[in-house]
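> The residues making up each chain are set out below.
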Amino acid sequence: MNILYGMLFIIALGSVYVLGYYFNHKTPKPKGCENMTAACEGCHVTSCDNNPQNEYKEKENV
Amino acid sequence: MMELFALALSAVLINNVVLSKFLGLCPFLGVSKSSKNAIGMGLAVIFVIFGASLITYALYHLVLVPAEIEYMQLITFILVIATFVQFIEMFIKKYSPALYKSLGIYLPLITTNCVVLYVAQDNITQNYDLIETIVNSIAVPAGFMLVLYLFSCLRERLDSADTPKAWKGNPIALVVAALMALAFSAFAGIV
Amino acid sequence: MWNNFKNGFIKENPVFGLYLGMCSSLAISTSLNNAIGMGACVTLVLIASNVIVSAIRKITPDEIRIPVYIVVIASLVTVVEMVVHAFMPELYTSLGVFLGLIVVNCIILGRAEAFASKNGIVASAVDGLGMGLGYTFALLLISITREFLSTAGLHFYNPFNSEQLLFGFTIEALEPYTISLFSASVGAFLTFACFAAIFAILRNRSSKKEAK
Numbered sequence: 228m229n230i231l232y233g234m235l236f237i238i239a240l241g242s243v244y245v246l247g248y249y250f251n252h253k254t255p256k257p258k259g260c261e262n263m264t265a266a267c268e269g270c271h272v273t274s275c276d277n278n279p280q281n282e283y284k285e286k287e288n289v
Numbered sequence: 006m007m008e009l010f011a012l013a014l015s016a017v018l019i020n021n022v023v024l025s026k027f028l029g030l031c032p033f034l035g036v037s038k039s040s041k042n043a044i045g046m047g048l049a050v051i052f053v054i055f056g057a058s059l060i061t062y063a064l065y066h067l068v069l070v071p072a073e074i075e076y077m078q079l080i081t082f083i084l085v086i087a088t089f090v091q092f093i094e095m096f097i098k099k100y101s102p103a104l105y106k107s108l109g110i111y112l113p114l115i116t117t118n119c120v121v122l123y124v125a126q127d128n129i130t131q132n133y134d135l136i137e138t139i140v141n142s143i144a145v146p147a148g149f150m151l152v153l154y155l156f157s158c159l160r161e162r163l164d165s166a167d168t169p170k171a172w173k174g175n176p177i178a179l180v181v182a183a184l185m186a187l188a189f190s191a192f193a194g195i196v
Numbered sequence: 094m095w096n097n098f099k100n101g102f103i104k105e106n107p108v109f110g111l112y113l114g115m116c117s118s119l120a121i122s123t124s125l126n127n128a129i130g131m132g133a134c135v136t137l138v139l140i141a142s143n144v145i146v147s148a149i150r151k152i153t154p155d156e157i158r159i160p161v162y163i164v165v166i167a168s169l170v171t172v173v174e175m176v177v178h179a180f181m182p183e184l185y186t187s188l189g190v191f192l193g194l195i196v197v198n199c200i201i202l203g204r205a206e207a208f209a210s211k212n213g214i215v216a217s218a219v220d221g222l223g224m225g226l227g228y229t230f231a232l233l234l235i236s237i238t239r240e241f242l243s244t245a246g247l248h249f250y251n252p253f254n255s256e257q258l259l260f261g262f263t264i265e266a267l268e269p270y271t272i273s274l275f276s277a278s279v280g281a282f283l284t285f286a287c288f289a290a291i292f293a294i295l296r297n298r299s300s301k302k303e304a305k
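Residue numbers (the working numbering), protein chains in the order written: chain A, 228 to 289; chain B, 6 to 196; chain C, 94 to 305.
Hints listed in this document are in silico derivations from the structure and should not be mistaken for laboratory results.
Just to be clear, a hint being listed does not mean it is correct.
To be verified - Once the Cα atoms are required to be at most 30 angstroms apart in a straight line, the calculated DSBU-like pairs of lysine-lysine come out as:
#: 1; chain 1: C; residue 1: Lys104; chain 2: C; residue 2: Lys211
#: 2; chain 1: C; residue 1: Lys211; chain 2: B; residue 2: Lys173
#: 3; chain 1: B; residue 1: Lys106; chain 2: B; residue 2: Lys41
#: 4; chain 1: A; residue 1: Lys253; chain 2: B; residue 2: Lys41
#: 5; chain 1: C; residue 1: Lys211; chain 2: A; residue 2: Lys256
#: 6; chain 1: B; residue 1: Lys41; chain 2: B; residue 2: Lys98
#: 7; chain 1: B; residue 1: Lys173; chain 2: B; residue 2: Lys38
#: 8; chain 1: B; residue 1: Lys173; chain 2: C; residue 2: Lys301
#: 9; chain 1: A; residue 1: Lys253; chain 2: B; residue 2: Lys173
#: 10; chain 1: B; residue 1: Lys38; chain 2: C; residue 2: Lys301
Predicted model, so just to flag it, every value in this text is computed and none were measured.
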């Protein structure tokens, strides 16, 4: 029974996250901020808008 | 009151999250190119950690413990943090372009920032009560911001220094971090 | 495929080349034991997450792929954490919070994004193994240096039974000259910086060769 609750809870949280992510990425950036980035080179997660090596990494993996 | 002050002081200076716990190093090296960036990132981290810690603390004690599913802690916390960041970003985009300019652009970097998950888990494993949780989740990211800002000031000068080619960029920055860690280890005696 | 595998070690070493997973590699590299345990956990999670992400890459809607990856990775880490807790309690306590923090280790999300979401299952598994071993290799370098300089010896215990010493030695002649600094955080940063510089030299050399 416990496991069932756990699964339900995680599924609920997961769907809230997915919804939040989806709507957040549909919301346009405010005026004047369209091309602003933090120029962060910390991690190499290429989906992050701030990654300056975005294009470089894409080329490398083709 | 005194204990809370000691807790805050030790989180900011003695057990500094970057220099003695080695967390949040990715943004530490990534966003510290300019001190303006460092302040924006630091404030965004304080805000997110404070909010996310309160939510995870409440969820742990109000949902996970009564339902006896404490082992779901990790996955719950990371989902809460990621969701929280998404909603905050959306909210700021919609209602406050000015705030988005100064803080919002750093928000996407925070989901994978280990400090957030660390503080959320630390509050549970240390058995903090609500007040201690609040103090801890402000003091830890404040320590992060302090070190990030100091480091970015050093780094602005480092970029114009003439370092050997192999040490350029991150390696020499890490040596600077090592020296900062040495300096901060001197705080160990004050509490 | 072999090249992909080999790249993970020197040229594109995830730790010294790309500066991924630095937090954990600095924090738990105080002893050889921790390094091997952490390396094994990360490699396992990396292979499993790469395989799963690659298997579902055609049915994952593009807009929400990051949330899907995070859920997959978090579940895998939870499983690994439980297994380690049950069978290797010593390792569990010494890795502490860093075991759970594998979730936010950029290597795993980065590889899922950059490689597994575009390639087949076998290639992704090999990539995961290569990157995982590259990470372990980096951990080994740092931890061997740090443990040797701070204790004048190296010790590796059986992870399932912490009493049993599998491999270890101490050079007694060097014992009076140990540098305890290297077990503290300063030593971690310094060791890391030195290796990062060495790897930068190696990378420069190999790219010069290719240019010729």
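> Now, for every hint given, state plainly whether the structure supports it.
Outcome of the hint check:
Distance hint between Lys104(C) and Lys211(C) is fulfilled; the C-alpha atoms sit about 21 angstroms from each other, no more than 30 angstroms. This hinted pair does not check out: Lys211(C) and Lys173(B) have alpha carbons roughly 33 angstroms apart, beyond 30 angstroms. Taken as a hint, the Lys106(B) and Lys41(B) pair is honoured in the structure, with Cα atoms around 12 angstroms apart against an allowance of 30 angstroms. For the suggested pair Lys253(A) and Lys41(B), the alpha carbons sit about 28 angstroms apart, so the restraint of at most 30 angstroms is met.
Under the criterion of a C-alpha separation no larger than 30 angstroms, the hint pairing Lys211(C) with Lys256(A) is consistent with the structure, at around 28 angstroms. Pair hint Lys41(B) plus Lys98(B) holds up; C-alpha atoms about 20 angstroms apart against a cutoff of 30 angstroms. For the proposed pair Lys173(B) and Lys38(B), the alpha carbon gap of about 13 angstroms is at most 30 angstroms, so the pair holds. Among the hinted pairs, Lys173(B) with Lys301(C) is consistent with the structure: their alpha-carbon atoms are about 18 angstroms apart, no more than 30 angstroms.
With a CA separation close to 39 angstroms, the supplied pair Lys253(A) and Lys173(B) exceeds the 30 angstroms bound. Restraint check for Lys38(B) and Lys301(C): satisfied, since their Cα atoms lie roughly 28 angstroms apart, inside the 30 angstroms limit.
Comparing the model with each numbered hint stated earlier shows that hints 2, 9 do not hold.
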